[in-house]
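Participant: Required output: the full structure, derived from the provided sequences and hints.
Line order of the protein sequences matches chains A and B.
In this text, residue positions in the first sequence follow this note's numbering: the first is 1, and each later residue adds one.
In this text, residue positions in the second sequence follow this note's numbering: the first is 1, and each later residue adds one.
It is possible that part of the hints are untrue.
Unchecked claim - Computed, partial: chain A to chain B, Cβ under 10 Å:
no.: 1; residue: 48
no.: 2; residue: 68
no.: 3; residue: 105
no.: 4; residue: 127
no.: 5; residue: 228
Stated by the list, open to error - Here are some, though not all, of the chain B residues that point toward chain A, as calculated from beta-carbon distances under 10 Å:
no.: 6; residue: 71
no.: 7; residue: 72
no.: 8; residue: 75
no.: 9; residue: 120
no.: 10; residue: 130
Unchecked claim - Some residues of chain A that are not near chain B, with every Cβ distance over 12 Å (derived):
no.: 11; residue: 12
no.: 12; residue: 15
no.: 13; residue: 30
no.: 14; residue: 77
no.: 15; residue: 78
no.: 16; residue: 87
no.: 17; residue: 106
no.: 18; residue: 124
no.: 19; residue: 180
no.: 20; residue: 195
no.: 21; residue: 216
Bear in mind the hints are in silico, worked out from the structure with no lab data behind them.
Here a beta-carbon is modelled for each residue, glycine too, at the ideal position from N, C-alpha and C.
There are 2 protein chains.
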Amino acid sequence: MIKLNKVLSPDELEQTLQGIGAERYHNLHPFHKLLHGGKLSLGQVQAWALNRYVYQQGIPIKDYAILSNCPDKELRNLWRQRIFDHDGIDQDEGGIERWLKLCEALGLERAYVQSMEGVLPATKHAVDTYINFCRHAPLLIGFASCLTELFAPKIHKERIAGMLENYDFVDETMVAYFRERLTQAPRDVDFALRYVKEHARTIDQQQAVIDALYMKTGVLWAQLDALYLAYVSPGMIPPGCFTPVQTDVAAAQ
Amino acid sequence: MIKLNKVLSPDELEQTLQGIGAERYHNLHPFHKLLHGGKLSLGQVQAWALNRYVYQQGIPIKDYAILSNCPDKELRNLWRQRIFDHDGIDQDEGGIERWLKLCEALGLERAYVQSMEGVLPATKHAVDTYINFCRHAPLLIGFASCLTELFAPKIHKERIAGMLENYDFVDETMVAYFRERLTQAPRDVDFALRYVKEHARTIDQQQAVIDALYMKTGVLWAQLDALYLAYVSPGMIPPGCFTPVQTDVAAAQ
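Facilitator: Here you go:
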């Protein structure tokens, strides 16, 4: 892990953050390669959507936590768009609702998904860690923890194309969430990155920014680790967690 | 997962909690079977000790969090013995120090262990979840989250016998932590169980007690899941995490 021994220029800081993404962002995880490559069964895709729902429903909670540390009204009013994106506003149903529709289209019951009962413990722990981090971090560092959005558009494009192409059971409605994110994430991250580059000026602040991104890549990576262990190999599903039904339609390959 | 529809008697509540342990305590996890059965290499045992250190160092933090919710001096003075057990007091070096000695005896560097740098993200998330739970839970529920101690003496006995017998590189010094826990845990849990049985009187309180034990068994289980995935099968070590050296002494089998 990177330990700074001198202050970086804003552009050096950005390069450092990009480097962490190149090394640790979860697009590198074997589970995503399987998911995007059409190598998973319906049951495995269900497990992914079910667990990922916990992350999705946590996003606005995380953003409310961040803004609870923000004394600047203008900043709050800029950042709160993220909350609207996920919780919905006016005509927009929001990302959480889009994710629930994705789950339903995959054959999961809405109430079961929302109960979060069948979810892997590691998924809950990862989301807990992220929310609690944002609750207690200084504003700059809370913002910095969102910078995985720098790397998101690429993975969303891969996912939309890969899932539509490779699975019979995936249609346009099911990728609606990711289509929205293609425009939302770059807009969000432009602001977050600019803010972080401008405000992380001391070595301690820059180190905390870097550590926040390490934390966040770990949050994303650990969720896929847990899915892999339980549902790919060796297939060790923890007690009480979602178990795909045996009559799963196999993935079109 | 158990959802109560009536209030339980104190003894029924205890039986219910015992049932959760019988189904979900991590003595049932394949990783522990390998560990106790002498089936792991030195590198795998190192990975276990290194990651488990994060949990060990978090125990007194968790107990301080619990006691920060306790307005009763007598209760605090009873419970704080747990802090002494791990942080040490007077002539007792405490459990954290004993764990560090275990790590050193396994060939890990103390400073590396204490830095928690090579630790799996899921380990940190699990410990985070546990500490944050105790910080925010009512006192009764914080106490209840410790009730996995009900099931601990059995696993410690298995571990002491299994590790001494099965690994050339394990000696009496290295199991000192577990020997201490054989007397500490039953003393602690007697009090916690009595308190919970006496104070969890409403259906909501009893459900919260049950949910706390589910949460805690998940915290323990997820740590072994992550170890299994990274260091047993399929051996997917997340970026930046501890990697056993190739020249490991193989386990005596």
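Participant: Each of the hints needs a verdict: does it hold here or not?
Facilitator: Results of checking the hints against the structure:
no., hint, in the structure
1, 48, "violated (16 Å)"
2, 68, "violated (15 Å)"
3, 105, "violated (26 Å)"
4, 127, "holds (9 Å)"
5, 228, "holds (6 Å)"
6, 71, "violated (24 Å)"
7, 72, "violated (27 Å)"
8, 75, "violated (26 Å)"
9, 120, "holds (7 Å)"
10, 130, "holds (9 Å)"
11, 12, "holds (21 Å)"
12, 15, "holds (18 Å)"
13, 30, "violated (7 Å)"
14, 77, "holds (29 Å)"
15, 78, "holds (28 Å)"
16, 87, "holds (23 Å)"
17, 106, "holds (22 Å)"
18, 124, "violated (7 Å)"
19, 180, "holds (28 Å)"
20, 195, "holds (26 Å)"
21, 216, "violated (10 Å)"
The structure fails hints 1, 2, 3, 6, 7, 8, 13, 18, 21 (numbered hints given earlier, in ascending order).
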